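Enquirer: Sequence:
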Amino acid sequence: MYVPDHFSPADADSFSFISQFSFGELISAVEGKSFCTHLPFLFDDKNIFLLCHIAKANPQWREIGGQEVLAVFHGPHGYISPSWYDKAGVPTWNYQVVHVYGKASVFEDKERMSDMVENLSAAHEAGSENPWNGEYQARMLDAIIGIEIEITEVQAKHKLSQNRTDNERKNIIAELQGLGNTILADAMIDALKEKG
258 MYVPDHFSPA
268 DADSFSFISQ
278 FSFGELISAV
288 EGKSFCTHLP
298 FLFDDKNIFL
308 LCHIAKANPQ
318 WREIGGQEVL
328 AVFHGPHGYI
338 SPSWYDKAGV
348 PTWNYQVVHV
358 YGKASVFEDK
368 ERMSDMVENL
378 SAAHEAGSEN
388 PWNGEYQARM
398 LDAIIGIEIE
408 ITEVQAKHKL
418 SQNRTDNERK
428 NIIAELQGLG
438 NTILADAMID
448 ALKEKG
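Numbered per this note's numbering, the sequence shown finishes at 453, counting up by one with no gaps.
Simulated from the structure, these hints should not be mistaken for laboratory data.
Source: prediction; values computed, not measured.
Be careful, since some hints might not be right.
Listed next, the in silico BS3-like pairs over lysine-lysine satisfying Cα-Cα at most 25 Å (straight line) [unchecked claim]:
hint, residue 1, residue 2
1, 414, 360
2, 303, 360
3, 367, 414
4, 450, 344
5, 416, 344
6, 427, 450
7, 360, 313
8, 344, 367
9, 367, 313
10, 360, 290
11, 427, 416
12, 344, 427
Produce the entire structure from the sequences given, and follow the hints as far as they go.
Expert: Shown next as structure tokens:
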């Protein structure tokens, strides 16, 4: 990924980012072509792995073992109008993204699959007024395949108008808040605080 210096986060906690924005894209080769599956991931901070599962009917798992794969995680994003600048500019898009590269392997161990499903559910049921009780038929695990990605490289890009003046960045934040894109506005506020 192309990351100009001013869009490279100095102290990016990419693994916290992945935990917060855990629905990503798994990209690998299938029959010589790029193939992408959209799915939730778990970050195993003890072993520095990403874990996920896909449907057994999905052909991606059949060739993925041993491949270097790419997982992409998107954070907040939004259109930025040049009318929000003090000086002339061009339309652009602000966003946060993390790319994770790693070597993939496949697993079908039922106990490990069950742990992964339970951990994924627990992470996403947290805070729910009516959380799922975790009951399902064990045979449903036969319909999915587990994928483990041993992380080899992490790239982060936070394009949050760092190339604009502080006043322009404040204008952009106000405009985003007015449009209801508070999550992107908050990310820009945090970046301004980090700048000092």
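Enquirer: Now, for every hint given, state plainly whether the structure supports it.
Expert: Hint by hint, here is what the structure shows:
1. Between residue 414 and residue 360 the CA atoms are separated by roughly 22 Å; this keeps the pair inside 25 Å, and the hint holds.
2. For the given pair, residue 303 sits about 17 Å from residue 360 by alpha-carbon distance, which is consistent with the 25 Å threshold.
3. Between residue 367 and residue 414 the alpha-carbon distance is near 37 Å, which puts this suggested pair outside the 25 Å criterion.
4. For the suggested pair residue 450 and residue 344, the alpha carbons sit about 23 Å apart, so the restraint of at most 25 Å is met.
5. For the suggested pair residue 416 and residue 344, the alpha carbons sit about 19 Å apart, so the restraint of at most 25 Å is met.
6. Proposed proximity of residue 427 and residue 450 is supported: the alpha carbons are some 12 Å apart, at most 25 Å.
7. About 20 Å separates the Cα atoms of residue 360 and residue 313, which keeps this hinted pair within 25 Å; it holds.
8. Restraint check for residue 344 and residue 367: the C-alpha separation of about 59 Å exceeds 25 Å, so the hint is violated.
9. In summary, the hint linking residue 367 to residue 313 is supported, as the alpha carbons are separated by about 14 Å, within the 25 Å threshold.
10. Between residue 360 and residue 290 the alpha-carbon distance is near 18 Å, which keeps this suggested pair within the 25 Å criterion.
11. For the proposed pair residue 427 and residue 416, the alpha carbon gap of about 15 Å is at most 25 Å, so the pair holds.
12. A threshold of 25 Å between alpha carbons decides the hint, and for residue 344 with residue 427 the separation of about 14 Å falls inside it, so the pair holds.
Of the numbered hints listed earlier, those contradicted by the structure are 3 and 8.
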